[in-house]
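*Asks:* Just so we're aligned, residue 86 is where the sequence shown starts under the working numbering, counting upward by one.
Honestly, the hints are just simulated from the structure, not real lab data. The model shown is predicted, which means the values in this text are computed figures rather than measured ones. Backbone N, C-alpha and C define an ideal beta-carbon position, used for all residues, glycine too. Treat each hint with caution, since some may be false.
Okay, the calculated beta carbon distance ranges per label pair [unchecked claim]: (1) E90 <-> P211: 31 to 37 angstroms; (2) S201 <-> D174: 18 to 24 angstroms; (3) N87 <-> D202: 18 to 24 angstroms; (4) L190 <-> P102: 18 to 24 angstroms; (5) D202 <-> R168: 31 to 37 angstroms; (6) L190 <-> Q119: 21 to 27 angstroms; (7) R135 <-> L157: 24 to 30 angstroms; (8) G167 <-> G142: 16 to 22 angstroms; (9) F210 <-> N87: 19 to 25 angstroms; (10) G103 <-> E164: 29 to 35 angstroms; (11) E96 <-> D212: 31 to 37 angstroms; (12) E90 <-> K195: 19 to 25 angstroms; (13) R168 <-> G142: 16 to 22 angstroms.
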Amino acid sequence: MNDRELLSAFEASSLSPGTFGHRAHVRVAWAYLQELPVGDALERVSEGLRRLTRAFGKEGMYHETVTVAYVLLINERIERTGRGGTWEDFEAQNSDLFDRDRPILERYYKPETLKSDLARRIFVFPDRIGGDEIV
Numbered sequence: 086m087n088d089r090e091l092l093s094a095f096e097a098s099s100l101s102p103g104t105f106g107h108r109a110h111v112r113v114a115w116a117y118l119q120e121l122p123v124g125d126a127l128e129r130v131s132e133g134l135r136r137l138t139r140a141f142g143k144e145g146m147y148h149e150t151v152t153v154a155y156v157l158l159i160n161e162r163i164e165r166t167g168r169g170g171t172w173e174d175f176e177a178q179n180s181d182l183f184d185r186d187r188p189i190l191e192r193y194y195k196p197e198t199l200k201s202d203l204a205r206r207i208f209v210f211p212d213r214i215g216g217d218e219i220v
């Protein structure tokens, strides 16, 4: 599936839970960020994920802090290397965004923060940097 097909399926909530894992989440954000300013891309990702979780019957799965943090991280990585690269290049150059054993957000957030209802409902600022607590 190419980027346009992925975004169309995402916007139509026609993806299946089995095919829309973490990698696909990152790819959707990356694809939007190729064509939209970060604020607009974030809005599309957030709205699309909310629609998709409703379609999957799992509305409680949407996590605002994780969504915002990942979109901002992906945007920063794109800006550092320049727009116009391929998805495959982005994925290869940013393997830490896909590491399920050592999730990148653990560098910025204490586990209890990410597990909180507050962080699920609204964006919460990071409370650690490089493993050190800042709040």
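*Asks:* Now, for every hint given, state plainly whether the structure supports it.
*Replies:* Going through the hints against the structure:
no.	hint	result
1	E90 <-> P211: 31 to 37 angstroms	holds (34 angstroms)
2	S201 <-> D174: 18 to 24 angstroms	violated (35 angstroms)
3	N87 <-> D202: 18 to 24 angstroms	violated (37 angstroms)
4	L190 <-> P102: 18 to 24 angstroms	holds (22 angstroms)
5	D202 <-> R168: 31 to 37 angstroms	holds (36 angstroms)
6	L190 <-> Q119: 21 to 27 angstroms	holds (23 angstroms)
7	R135 <-> L157: 24 to 30 angstroms	violated (18 angstroms)
8	G167 <-> G142: 16 to 22 angstroms	violated (40 angstroms)
9	F210 <-> N87: 19 to 25 angstroms	violated (36 angstroms)
10	G103 <-> E164: 29 to 35 angstroms	holds (32 angstroms)
11	E96 <-> D212: 31 to 37 angstroms	holds (33 angstroms)
12	E90 <-> K195: 19 to 25 angstroms	violated (38 angstroms)
13	R168 <-> G142: 16 to 22 angstroms	violated (36 angstroms)
Figure legend: structure checked against the earlier numbered hints; hints not met, in rising order: 2, 3, 7, 8, 9, 12 and 13.
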